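Based on these hints, arrange chain B on the given structure of chain A.
There are 2 protein chains.
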Amino acid sequence: MRSAVITIGDEILIGQVTDTNAVWIAQQLNIHGVRVGEMVTVSDNASQITAVLDRYIGDYDLIIMTGGLGPTSDDITKQTLADYFNSKMVMHPEILERITAYFKERGRSMLEANRLQAEVPEGCRVLINDHGSAPGMWFEKQGTIVVSLPGVPYEMKGLMEDHVIPEVNKRITVPMVVHRTIMTQGVPESYLAAMLRSWEKALPECVKLAYLPRPGIVRLRLTAVDKCAGEAGQLLEGIIGKLLKIIPEHIFGYDEMTLEESLGNLLKEKELTLASAESCTGGNIARLVTSVPGSSAYYTGSVIAYNNRIKTELLGVDPSVIKEKGAVSREVVEQMASGACKAFGTQTSIATSGIAGPDGGTDEKPVGTTWICVQNGIRSYAAKYSFSGTRERIIDQASYTGMQLLRRLILGNI
Amino acid sequence: MRSAVITIGDEILIGQVTDTNAVWIAQQLNIHGVRVGEMVTVSDNASQITAVLDRYIGDYDLIIMTGGLGPTSDDITKQTLADYFNSKMVMHPEILERITAYFKERGRSMLEANRLQAEVPEGCRVLINDHGSAPGMWFEKQGTIVVSLPGVPYEMKGLMEDHVIPEVNKRITVPMVVHRTIMTQGVPESYLAAMLRSWEKALPECVKLAYLPRPGIVRLRLTAVDKCAGEAGQLLEGIIGKLLKIIPEHIFGYDEMTLEESLGNLLKEKELTLASAESCTGGNIARLVTSVPGSSAYYTGSVIAYNNRIKTELLGVDPSVIKEKGAVSREVVEQMASGACKAFGTQTSIATSGIAGPDGGTDEKPVGTTWICVQNGIRSYAAKYSFSGTRERIIDQASYTGMQLLRRLILGNI
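Line order of the protein sequences matches chains A and B. For the first sequence, numbering that gives the first Met the number 0 assigns the number 0 to the initial residue and increments by one for each residue that follows. For the second sequence, numbering that gives the first Met the number 0 assigns the number 0 to the initial residue and increments by one for each residue that follows.
This is chain A alone, in the form it adopts within the complex (with noise of 0.2 Å):
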């Protein structure tokens, strides 16, 4: 089954709100095997809407649009819709009866545009919204599903779920698309193409791969199309278990696991505490370790160390090593990592020390320039990186790096 996503809002075009119904309602279908093949935001305006499902119908089994059945003026979709299938407006009396118990049991009274939420296209199956007042709308045209529902997040989600998913299940012989998704850390995507360029030319045909960078991390989906599908679960593991041979090293978790999550539950089995000593990451390792919930069971805390002074109060570094060294250096960075588990009573930490820019770069240490520390009280790893990109990118790869640097170290791989 292929299918075409259609938001009507003019809020979106002028980019004052991100279409986040399009994208829960790509995954949804992908979940349940549903291939999505176009994803379009039109305006409240009926000739355009009408453009648009001229374009789809027949060549998608299913399309689903969201956006304008509200009551006020400017929701035009049900109409539209209607003028389309050449369908007169009808009551429905279930509807109506719904709607007026919902202003009768809050003391509201209901007004002619509540009254009109009940009238539905003639000849259209009314899906029942148990959510909200606008009913959602299935066509059937040329062998083109049309579903029709609002734009409001949850009532949108509401009827998806009770109607949608389930009629396309009894619908659905066979799942066209599997996805995998590996995470990794530590290689720039080309550099993880390289490496990966006879891994990748062995996948069977109907096994797609893509690369997907973040700052610091790269994540390859695998996707199991057509004939794949059907067997995509054991083929997907064979298919993994290579690539681990390959780098195992750099791959932290599966299927959007974050690295913060995967470090924490290292650090829980492990039963070890972190603390971190940050100056260039700013609290970005610490607000990154401290999004995962129960992350007080192993994390105990950070310095932030904005100023040398600090440095050397809080953290106990050596003033003369920082005039010798300078902050950016490896013996800085040892003793900040030190100073952090001693002053947190943590077996492990990790600290950061660099340019993040855009200012403050020279010849020798220019922006990006970043030195890395982690420490697990029995082995303690440095190393220099450098980062490029905005503060932003260069902030984010030196936290990834820092967290990633210290899985390796616990899991005796570095």
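Think of the hints as simulated: they come from the structure by calculation, not from any bench. Warning: the hint list may mix true and false statements.
Identical copies go unnamed one by one, so any copy, or any two together, can satisfy a pair.
Dumping the calculated DSBU-like pairs for lysine-lysine here, alpha-carbon to alpha-carbon at most 30 Å [unchecked claim]: (1) Lys-341 to Lys-324; (2) Lys-364 to Lys-383; (3) Lys-324 to Lys-103; (4) Lys-241 to Lys-267; (5) Lys-140 to Lys-341; (6) Lys-241 to Lys-207; (7) Lys-241 to Lys-324; (8) Lys-364 to Lys-267; (9) Lys-87 to Lys-200; (10) Lys-341 to Lys-322; (11) Lys-207 to Lys-156; (12) Lys-364 to Lys-324; (13) Lys-156 to Lys-383; (14) Lys-207 to Lys-269; (15) Lys-364 to Lys-103; (16) Lys-267 to Lys-322; (17) Lys-169 to Lys-103; (18) Lys-364 to Lys-156; (19) Lys-103 to Lys-200; (20) Lys-103 to Lys-383; (21) Lys-207 to Lys-87.
On a predicted model such as this, the values are computed, not experimentally measured, just so you know.
Coordinates of chain B only, in the frame set by chain A:
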């Protein structure tokens, strides 16, 4: 000028990634007076890309495409455009030089895939990318401009700002739409709407208002359209002047200025330094403050005290007070704020202690309960808040509330 936005990428159609590029582009185009008529997402597939171009060329003045320009084999946009515009691929010496220099600087070897990023369709205008390796491309056909940009957000934004927006500004004669945004903190959307009801009612017909909430922050967007757009500057200034009289203490800036920038500017202007002591916000205040370039001029650092012993040892909080009042209390957060000023030698501080959840709440102190204290060497102000939502939302609300409270304390507006 009318525009369409095309996003290319399977990761969006499978719901793995929310398309933030399209919304950012729509925002920017609107700000500069370009109306966006349609946004579409298609797969990394040559015939689909070609079909969309056929559909839009001639209909729109400007088409912005993003995605599919990376170095890996699933990136097919550049070749598709070369075929579409009947161009052959040629090596661009300046880009090749830049890519070569980029790899040399970092002491990394250059791969064939990286070298090929310097190839462009002959006859297109090349947009030099100062933020990454893939250049942008500018084509014109039948009165329509077609711009292709990389999908990596900061590269796309860089190319938009460096090349596309300046060129668009040159070609626009009359703007069709003008926006101003007022940034507020401290009042939830529905309360703000009630406070501003009569101001909103007095807006001229051709000025639209939108409430755009984010956790802890509400943006008010004024949009002057049609006949108002021509004289929008003065008109909107007058409207904002009236707003300032109603909610002076809640406005911290305009047009996407961040609260961390606004606070930073104030600290610099008043020659004050800042430290933070964070419990429930877990480093998020530090991260936000240090995300501003040059923040080391006023920010000294933070202690993230994720356990009570650290509050005592590094911030000097009296352990008997923690025992008696609990870590989430006025007394503890006041001592944390004083301790931060003392430990870091600063005039001002922000301290937070709360229950971010999802666990750890009690009947007396449910999840979301947060004490915040701000100090400026002259006064100390502490207050208790009941934030709601997810862990992430609670942390964001506490962080922004803390920063805005400090602004108000410094400005004598609390």
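Verification of the hints:
For the homomeric pair Lys-341 and Lys-324, the shortest alpha-carbon distances inside one copy (22 Å) and between copies (28 Å) are both at most 30 Å. Only within a single protomer do Lys-364 and Lys-383 lie at most 30 Å apart by alpha-carbon distance; the minimum there is 11 Å, versus 45 Å between protomers. Taking CA atoms no more than 30 Å apart as the test, Lys-324 paired with Lys-103 passes between copies only; the shortest distance there is 26 Å, against 59 Å inside one copy. For a Cα distance limit of 30 Å, the shortest separation of Lys-241 from Lys-267 inside one copy, 28 Å, qualifies, whereas the shortest one across copies, 55 Å, does not.
Proximity of Lys-140 to Lys-341 under the C-alpha cut-off of 30 Å is found in neither arrangement, the shortest distances being 65 Å within a copy and 66 Å between copies. Within a single copy, Lys-241 and Lys-207 get their C-alpha atoms as close as 16 Å, which meets the 30 Å cut-off; across copies the closest is 57 Å, which misses it. Proximity of Lys-241 and Lys-324 under a CA criterion of 30 Å is satisfied in neither setting, with 44 Å inside one chain copy and 56 Å between copies. Proximity of Lys-364 and Lys-267 under a CA criterion of 30 Å is satisfied inter-copy only: 27 Å between copies versus 37 Å inside one chain copy.
In this homomeric assembly, Lys-87 and Lys-200 come within 30 Å of each other (Cα to Cα) only across copies, at 27 Å, whereas the closest approach inside a single copy is 57 Å. When the C-alpha separation of Lys-341 and Lys-322 is checked against a cutoff of 30 Å, the pair qualifies both within a copy, at 23 Å, and between copies, at 24 Å. When the C-alpha separation of Lys-207 and Lys-156 is checked against a cutoff of 30 Å, the pair qualifies both within a copy, at 27 Å, and between copies, at 29 Å. Taking CA atoms no more than 30 Å apart as the test, Lys-364 paired with Lys-324 passes inside one copy only; the shortest distance there is 12 Å, against 48 Å between copies.
Taking identical chains as interchangeable, the C-alpha atoms of Lys-156 and Lys-383 lie at most 30 Å apart only when they sit on different chains, with a minimum of 29 Å there against 39 Å within one chain. Taking CA atoms no more than 30 Å apart as the test, Lys-207 paired with Lys-269 passes in neither setting, with 36 Å inside one copy and 57 Å between copies. Taking the closest pair of Cα atoms, Lys-364 and Lys-103 come within 30 Å of each other only across two copies (16 Å); inside a single copy the shortest separation is 57 Å, beyond that limit. Taking the shortest alpha-carbon separations for Lys-267 and Lys-322, only the inter-copy value of 27 Å comes in at or below 30 Å, while the best intra-copy value is 38 Å.
When the C-alpha separation of Lys-169 and Lys-103 is checked against a cutoff of 30 Å, the pair qualifies neither within a copy, at 37 Å, nor between copies, at 57 Å. Proximity of Lys-364 to Lys-156 under the C-alpha cut-off of 30 Å is restricted to the inter-copy arrangement: shortest distance 27 Å between copies versus 43 Å within a copy. Taking the shortest Cα distances, Lys-103 and Lys-200 sit within 30 Å of each other only across copies (29 Å), while inside one copy they are farther apart (61 Å). Taking CA atoms no more than 30 Å apart as the test, Lys-103 paired with Lys-383 passes between copies only; the shortest distance there is 17 Å, against 54 Å inside one copy.
In this assembly of identical chains, the alpha carbons of Lys-207 and Lys-87 lie at most 30 Å apart only when taken from different copies (28 Å versus 46 Å within one copy).
Checked against the numbered hints listed earlier, the structure breaks hints 5, 7, 14, 17; every other hint is satisfied.
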